[in-house]
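Peer 1: Below are the chains, spelled out letter by letter.
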Amino acid sequence: MNAFQRRAMRLTGFLRKESRQIRRDPSSIALALVMPVVLLFLFGFGVSLDIKNVPIAIVLDDRGPDARELAARFSLSSYFDPVSVHRLDEARQLLDRGAVDGIVHVQADFSVRLARGAAAPVQVLVDGTDSNLAQLVQGYTLGVLNLWSQQRAARGLPTHLPAVTIQQRIWFNDAVNSTYFLVPGLVALVMTLIGVLLTALVVAREWERGTMEAILVTPLRPGEIMVGKLLPYFVLGMIGLGLSVALGRVVFGVPFRGSPSVYLLLSTLFLLASLGLGLFISAATRVQFVAAQISIITGFLPAFFLSGLLFDLESTPWPIQAISHVIPARYFVSASHTIFLAGDVWSILQWDALFLGVMAFVLIVLAKSRLGQRLER
Amino acid sequence: MGPTLIRITTLVVKEFLAIMKDPKSRIVVIGPPIIQFFVFGYAATFDLNNVRYAVLDEDRSAESRELLSRFQASPTFRLVGQLDSGRQIGDLIDRQGARLVLRIPQTFSRDLQAGRPAQIQVIADGRNSNVASVALGYANAIVARYNAERGGAFSGSAAGAAGPALQLVNRAWFNSNLQSRWFIISALGGLIAMIVVLLLSGLSVSREREFGTFDQLLVAPFRSGEILVAKALPPMACGMLDALLLAAAAVLWFGVPFRGSLPALVVALSVFIVCVVGVGLFISSLSSTMQQSLLGSFIFIMPNVILSGFTTPIENMPRWLQLGTLINPLRYIVTACRNVFLQGGTLGTIWPQLWPMAAIAAVTLAAATWLFRHRTA
Amino acid sequence: MSHSTDESVSDRSGEPVLCIRRLHKRFAPKGGPPVEALQDVSLDVRCGEVVGLVGPDGAGKTTLLRIATGLLVPDSGTATVLELDSVRDTLQIRGRIAYMPQKFGLYEDLTVQENLDLYADLQGVEPAARASRYARLLEMTQLETCADRLAGRLSGGMKQKLGLACALIKIPELLLLDEPTVGVDPVSRRELWRIVYQMVEQEAIGVLVATAYLDEAEKCHRVVVLHEGRKLDEGAPTQFRERVRGHTFVVQPRQGARPRAIQGRLAGQPGIIDATIRGGRVRVVTHERDRAAVARAIPAGLAAGIAAAEPTLEDAFMKLLADARSSRSHADLPAAPARMAFETHPRQAEPEIERGAAAGGAVHTRGLTKRFGDFTAVSEISFDVQRGEIFGLLGPNGAGKSTTFRMLCGLSRVSGGEVRVAGRDLRRAGSFARQRLGYMAQQFSLYGQLSVIENLRFFGRAYGLTKARLAERIEWALEEFDLRSHRDATAGKLPGGYKQRLAMAAAMLHEPDILFLDEPTSGVDPLARRDFWRRINSFAESGVTVVVTTHFMEEAEYCDRMLIMSQGRELATGTPGEIRALARTASHPDPTIEDAFIALAEGAAQPRGTGGSP
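Going down the list, the protein sequences come from chains A, B and C. Residues in the first sequence are numbered consecutively from 1, following our numbering. Residues in the second sequence are numbered consecutively from 1, following our numbering. Residues in the third sequence are numbered consecutively from 1, following our numbering.
Quick caveat, the hints were computed from the structure, so don't treat them as lab data. Owing to the predicted nature of the structure, the values given are computational and were not obtained by experimental measurement. We put the beta carbon where it would ideally sit given N, CA and C, even for glycine. Hints should not be assumed to be uniformly reliable.
[What the hints assert, rightly or not] Here are the simulated lysine-lysine pairs, DSSO-like style, with alpha carbons at most 27 Å apart: (1) C:LYS103 - C:LYS219; (2) A:LYS368 - C:LYS103; (3) C:LYS103 - C:LYS493; (4) B:LYS21 - C:LYS467; (5) B:LYS21 - C:LYS219.
[Stated by the list, open to error] FRET-style restraints, in silico, Cβ to Cβ: (6) A:HIS325 - B:PRO257: 27 to 37 Å; (7) A:VAL326 - C:ARG194: 39 to 49 Å; (8) B:PHE16 - C:GLU472: 35 to 45 Å.
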């Protein structure tokens, strides 16, 4: 047997051991296969940033036909789910209780002023507790009012037409479906969980149980241990990726406009960076409990909050933006959004790929140097 | 003190010592809450700042400049470029050079002067659907204000088109600056208390199992109820302490108003923490290793956060999922915290949140007790 | 194979495979004083030679082995393995040596066969050579029937054997073993050593073995004694033995006198280094060649005679350590044992009911059975333990000792039969009944993050000691178990011997009537074992009932009665004398308990007892 054959035998032996352990550990399987499905369904159904059927109260102090027609407009809109309330203080109670998210108040002199050609104010009160929702309710109320004005004008009724109207186009996602935005980002989260958390746990476990000491004194090289640990979890991560993409396409109908090969390349780079981080954490801490803590803080939380997966990075204060530049998930989420929704836009993808590649390289080299051949560092 | 009380205090003292003497556990109690606090506080926001936009002004008139100056004056938008032709738009949006493009057609000033409604085009990058729709909302609001101011001049000059004006009065209650940061941070205490309590209680039994001290406890004259109570108290105290510290920091650091009653907050948090400690002990009794309880806690935390209304409103979820959130304790504490902080809530107003949490607590505690007895007996 | 060809094996015989020169290693633990783990240690291991590395806990044995494998880097000095430097050429070395760490790295979620496969792959064993190698290793470790069982489901000793099998999967040029037989029963131990010596003879490999068992070290070609990081002495076992010739005696107890009484009198007397019970007699090692010192120490009427005894390595070792200690300051010596040997403790008045319940016997079992699914771990075990008795549960690994033990303590549900401790069923009796028993788990389970004093306080309060009583008992424990110097040390960082003492102190703090000890001396050096048994004796003298599991057959001599188990069944029950008598044959007139045990286990002796027909 030559040196190469021995090396191959070592590596396959180690890989076989890893895959057996994965197969026998229900928590690995749960994290790698069940978690993506659960996450995707949760986000797909549970998280929606779109306005739909928002409960609002409509108070008509003027019960004339103009006012009733305006109220009917709100009922027709799919954005709102209006209830008619007689008095303003009643509506305020509903708002306080959280039963409605806004109040549209048509004042008593509405028809009179409208007929006179004077400004006829419609008051909109929103619950600012959830400011995002409040913002959107305001915008959509404005839309309903504008539409009503335009239709009145078309029928030749006296109305105040806005001088300037906006014709809006939302590219890549013209229905403004937030699932299209969330699913590509979730892929990054799923791969971070597998790449960082699971990997950090399994390697730290080897130190804790003393198996690492026995493995280190065999002819297995540190580089081979790296490969032996990287490869199985790489495959697991890729399965997670495939599962997420397939579910996103089939269940939620998310478009995929770029090319699969480009996506495969970028996700490989990202997964390598995550695995490198996971291995580094476990080699540096050697204790499962600490490894889990650190991987949640350095892996999961940034992938969720500092990647642009849910919250807009450009709106955060500059220190947060600066930190986000060293988070691999940031680049992958950007690439994922572009490839899913826009296509192969090289001017974006080349930078994402470059940064991910550099990070993967640095993290894996760091992990390897930490793994070493000795007990002491 | 009765013997039961002595034994419980003895165990509690030991649990505290174990947490505080171990530098790793100490970090768990102190480190992650602080990091999470700042990450959530600064990064978890749906407010938009610095929305990069470009302008294609094909009219180049006084009117178009007047409208554009309003965008420039807005703190929400940041001008990043002037375009010369419509062909540049596609590339700019593709490579995320700007998130919005305002296009003012050649006919803009002519239409306005003629008293015809003038249309402008706003093209948004829909990759982040939330940013796109919120930014469009802002743009609409700017244009509406512009219209309102022009309105007076309009009705005076152009004949025939003169008509009644419709005026939108926006008033956001409770959070008049529409800061989503307030929304997030006010509920953060509950979330972080959950994470701390779940991790500490989740590990408490499985750690003793892994280190072999559990048998020692079972052989000593402790009743299983006493062990459970003693395992529950230290994590609860740590969780409560963290939650209250974060509440103080929310007010002092982020300037979130505290309008309600402190006792109400403490009561709500206490009931909530009892719910969570039940879950934690259940997971811990079920797990034989620390890794399993870590993953178990994690799998519990994820969906609960997503389905709590913490970041996105529950009413956006499909009906069946909304029903599912009724058994999520986090849902209630999030609402209760916001109510107390922003809406001046008292014990009376948070009662609708308190009793479901108490009911859930009864169930989780019963389940934990049953499982603990079952697994040890 | 990477191993050299056959003709060169014989050529190389006698060549050094490991040269350690002037090794220094110091550890600086966080928040503690630096520890000199090794100071100026040199030694050689040659081809075809087995070198034993003996010494008490904390002597630096593990550190030395780890430096030889390149797992640790020495502060100064060199370790040369197969003419390669352990620091510079670590990777080349690792292909040619085998190392079995103390806590061997078995993958508990892999089966026995899969663990073997893994190490065969990692060590580059030719596929063709595997079948015969596996067969041999499995036969030697008696794991043939368990090849498909998960390693995590094996008992402690079986894991240890599997660990050795994995280390020996390839025939190395140098074999390093770190306490390979801890927790392994005598039958398996014998098998294990047979394999090692076979490899030494056939393949001329060099072996360096760290061990706490001096009877194992006795079989080595050469022995190196380490003590607190320094090399005390080195030589062939015979050289060591010759040095103490004339210092060793054996005392025959008079008819009816218990050897334990004599041993208790002798231990710790001036001029007496060591007193142990062997084969129903008391072995004594003295400072001077002075038989009179022994005679003086024994009260009249106990001894029938004192004879010179053939010295053993253990005798030499004890003397060596005693000399090393007396030459240094006395400050950190363990407190002189004599003072405690007879100390009895005032016992709290017990409620009459308890006393009455206990009168019928401290522990009582009938037909005790435990099944895990289809597997019967313990079958129909019946025995009684009287108050103040030391009762031993003996048996090979996987015999069901621990399972029986757990049922006695109420930690495990009984599948059949009955068990009463102090007249109660602990699983039903509630927490009050547990007040009367003390328990010491196999791994000396303590709260590792807590200090010695905090552990003691916790266990004291757990058993409801009042404040004044607790303070008093803690004082007693610190004194009795010689823990005062480590009062505020973190329990998890204590050396093994101290951990054992602390665990026992914690179990004794509330003055239990019944003490349960699960493998209390596993992995503990001979000195600590002696201390331990001395204390157990004194507790028993004062009326405490002791139930102890052990696989050290020599320790069975300290028991009043014992039960020998195998494969979940009772093989024999009786006093040490009765057990020894089972193996007495014409050719072997004076068997030890170990001989009897092996004879019973191999079916050579007729088992005896209530439920034990095979």
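Peer 1: Take the hints in turn and mark each one as holding or not.
Peer 2: Status of each hint after checking the structure:
{"no.": "1", "hint": "C:LYS103 - C:LYS219", "verdict": "holds, 24 Å"}
{"no.": "2", "hint": "A:LYS368 - C:LYS103", "verdict": "holds, 25 Å"}
{"no.": "3", "hint": "C:LYS103 - C:LYS493", "verdict": "holds, 16 Å"}
{"no.": "4", "hint": "B:LYS21 - C:LYS467", "verdict": "holds, 23 Å"}
{"no.": "5", "hint": "B:LYS21 - C:LYS219", "verdict": "violated, 46 Å"}
{"no.": "6", "hint": "A:HIS325 - B:PRO257: 27 to 37 Å", "verdict": "holds, 34 Å"}
{"no.": "7", "hint": "A:VAL326 - C:ARG194: 39 to 49 Å", "verdict": "violated, 59 Å"}
{"no.": "8", "hint": "B:PHE16 - C:GLU472: 35 to 45 Å", "verdict": "violated, 25 Å"}
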